[in-house]
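Top to bottom, those sequences are chains A and Y.
Note that this note's numbering gives residue 42 to position 46 of the first sequence, counting from 1, and the numbers run on in steps of one.
If you want this note's numbering, it's the 1-based position in the second sequence plus 925.
Rather than coming from a laboratory, the hints here were simulated on the basis of the structure.
Heads up, the beta-carbon is just placed ideally off N, CA and C, and yes, glycines get one too.
Hints may be right or wrong, so weigh each one.
Claimed, not checked - Sample of chain A residues facing chain Y (criterion: CB under 10 Å; computed from the structure):
id	residue
1	40
2	70
3	71
4	73
What the hints assert, rightly or not - Selected chain Y positions facing chain A (Cβ under 7 Å, derived; list incomplete):
id	residue
5	971
6	1113
7	1118
Said to hold, decoys possible - Which bits of chain Y does chain A cover? Going by a derived footprint, with three or more residues having C-beta under 8 Å, they are:
id	region
8	1157 to 1165
9	1262 to 1272
10	1386 to 1398
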Amino acid sequence: MPTLVLERHRGGSLRGVGGRGRGPSGGDAAPGREPTPVGTGLLGVAAFLAAVTMLFLAFTSAYLARRQEAGWFAFTPPSVLWINTAVLLVSSGTLDWARRRIRVGDAAGLRQGVELTAALGLLFLLGQLVAWRQLAARGLFLRTNPHSSFFYVLTAVHGAHLLGGVVALAIVLLHSWQGRYAAQAHAGVTNCAAYWHFMDLLWLYLFVLLFWV
Amino acid sequence: MDAVAVRQPEMAPELHPRESFIRHYIFSIDHKMIGKQYFLTTMFMALVGGAMAMLMRTHLAWPDNGVLNPEQYLQAVTMHGTIMIFFFLTVMLTGGLGNLLIPLMIGARDMAFPFLNMISYWTFVPGVITILLSYFVPGGPAGNGWTAYAPLSAIPAAEGGAGLGQTLWIIAILFVVISSLFGSLNFLTTVLNLRTQGMSMGRLPLTIWGAFVTAVLALLSFPVLMAALGLLLLDRLAGTSFFEAANLIVGGAASPHQGGDALLWQHLFWFFGHPEVYILILTPMGVVSDIISTFSRKPIFGYKAMVLSLSAIGFLSFLVWGHHMFVSGMHPLLGAAFMGSTIIIAVPSAIKTFNWCTTLWHGRIHFTTAMLFAIGFVSVFVTGGLSGIFLAIAPVDLYLHDTYFIVAHFHFVMASASLFAILAGTYYWFPKFFGRTMNETLGKIHFALTFLGIYGTFYPMHFIGIHSNDRRLYQTTAYPFLSHAGPVDVFVSLSAFLLGFAQLFFIVNFLWSLKYGPVAGDNPWHANGLEWTTTTPPPHGNWEGALPTVYRWPYDYSVPGAQNDYVPQTVQAIPLAAAAGAAGGGT
């Protein structure tokens, strides 16, 4: 009875058909035992952002479909959104600057950059609240019409995610105070920056979607 | 940044200090304890969902006796579907089996993010509490089906159970969605990044392949449901108009909504809903592949084809959601496209079925309970899959839509198949996690009664479905053309009671074996997977010493000339049988 036996003669080779040769470990379950493989955190962030992308794609398709139905009328963007957009773009710049500082081992520079970024992030969120007030002053509330409904929902969901980013920045700051980052070891900063830049791009996307599509 | 693995076999075997009761049993970050928490919680929910089914069947067999009033009947239907799909199958397969098996089968100490893993379970628990609470609010639990179609689900005045019950339903599902997202993020990262040395993707057990593709599907489909649920919640609580058309008259009063789109809910829901049914079947497919291979003492037939078909099904699952909406109204060309993509799924599914059969072919089959359930899986999967081809054809579906034919179809292909794989997996891996083997006699009685119960319950539904019995009809006796269905309904209900009764054997067996089952060794089935190379039950950290190194795939059964009929993945050179020469080498 012949059976198919794959890889029977692979004997001494550890690599097989591409097994990961490095860091075969289990995260922080066994601290100090085997190192967590490089890029695990970033992979987690990427997976999370994939989920966020699907969330907003769902909102987008709902938005585009709902626009075909009755009762839709569009309004012009509140002026403060332009300022908010600029603030968020600058915050991405400051975070990238912070990441460059830690790459040359400048932990104090990292902290300054992260503090500035978090402050700009909070300023952005404050600006979004101002935008809501501006809309409310024009008589546009959550239930007024579908366009305003979508505006409030999308800005709120994006704001919640950005607030999560601010929390992540605070954790980075805490870890930096504890001296956890060095020129060769700052994965936490990179992961946080990836998330933050994504939120920045997401806002640009939403801004365009809500008012120029 | 070279984080090269340093193997330190001389390290002390005690990986973790003893933990307090709360750290060990309640807020544990050990994937095995979290897996057991999930397992027991979802098993409990399965009992609740099963009780709903028993209530429904009692009513349907004797519809004139007033066991349930129409509202309660719809609530039982809704809660049965909701609990079984979201709170039992989905979470059992990902949170339960996924948690228990993934790190052990890939050779990792734990999940990539153990803390997130704990958070995932403790996000699931509030969902369980919320859905159970909804039984005790005015109007009772949601009664709008597990699909929660708008506008009924969006307007609190629409029906009993559309009030607070429906709101709690939405919140409960949101909890499950968030919990599943955390879980699948973790599984994905773990499988990609924490495989031990030598464990390439091409050597992964098919169970892990199934869990991996499932994690991808969950990660990409659950957010869509989340968006839809969020909008629905706003429609209910904040008066927005995403899903309700204007000028609806509800309970004699005009609804305040303006120009929403009820079809939009269906699109969003089924864009999630179809991947969801594959979330319920891909892991079972993997589990069954592993069990059939082990107990046939043969390598799985067509490993690459199995992996490719799993992935193909995963990919296609995002392109077929429209087949749930053939009668909802869509452009005929779009319907034809969905029909085509749906029929194509039959191809990878058939590949898998043939591969299971060819693995069994000429095998030395051991009819353990786990194996019986695995073969039973193939049977119910084929039965349900074939009726799926009927339903994929749009003109046929127009006739069969929302009849018992559908109920029969998905209970075979998705619900029963998934249940069979869960039971097979429980019998198979129970020894590893609890140190004792389950009783085989009770197990075989359990299997026989369950198998009969499943076919007795769901097979006749095909006929009453073709006979146009609507799946949510409260009183069949009200329609003369359904008068022939009455005796069939009684038979179906009696079979369902048998099915419910059979599960008592499982529960008794499970509890009895925990304490009195025969003590299992490290590898009671002579299986090859990594999980069998560690001690039973595995310690926190999974391996006492260094992590194992993998030299082969997990299906080296009955290798010609080898000493044993199984060669674990950690064996470097196969020890040859004495007659063939003494040079064993390696280990």
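Comparing the hints with the structure gives:
With a cut of 10 Å, the hint placing residue 40/A at the interface with chain Y holds, because the nearest CB-to-CB distance is about 5 Å. For residue 70/A, the interface hint is violated, since its Cβ never comes within 10 Å of a Cβ in chain Y; the closest pair sits about 14 Å apart. For residue 71/A, the suggested interface contact is broken, since its CB lies about 16 Å from the closest CB of chain Y, more than 10 Å. Restraint check, residue 73/A versus chain Y: the minimum CB separation of about 20 Å is more than 10 Å; hint violated.
About 27 Å separates the beta-carbon of residue 971/Y from the nearest beta-carbon of chain A, more than 7 Å, and the hint is not met. Checking residue 1113/Y against chain A: minimum C-beta separation of about 5 Å stays under 7 Å; hint holds. Nearest Cβ of chain A to the Cβ of residue 1118/Y: about 5 Å, under the 7 Å cut. The hint holds. Counting residues of the region 1157 to 1165 of chain Y whose beta carbon lies closer than 8 Å to any beta carbon of chain A gives 4, which meets the minimum of three for the stated coverage.
Only when three residues or more bring their CB closer than 8 Å to a CB of chain A does the claim for the region 1262 to 1272 of chain Y stand; here the count is 0, and the claim is violated. Under the rule that three or more residues need a Cβ within less than 8 Å of chain A, the assignment of the region 1386 to 1398 of chain Y is violated, with 0 such residues.
Of the numbered hints stated above, those contradicted by the structure are hints 2, 3, 4, 5, 9, 10, listed in ascending order.
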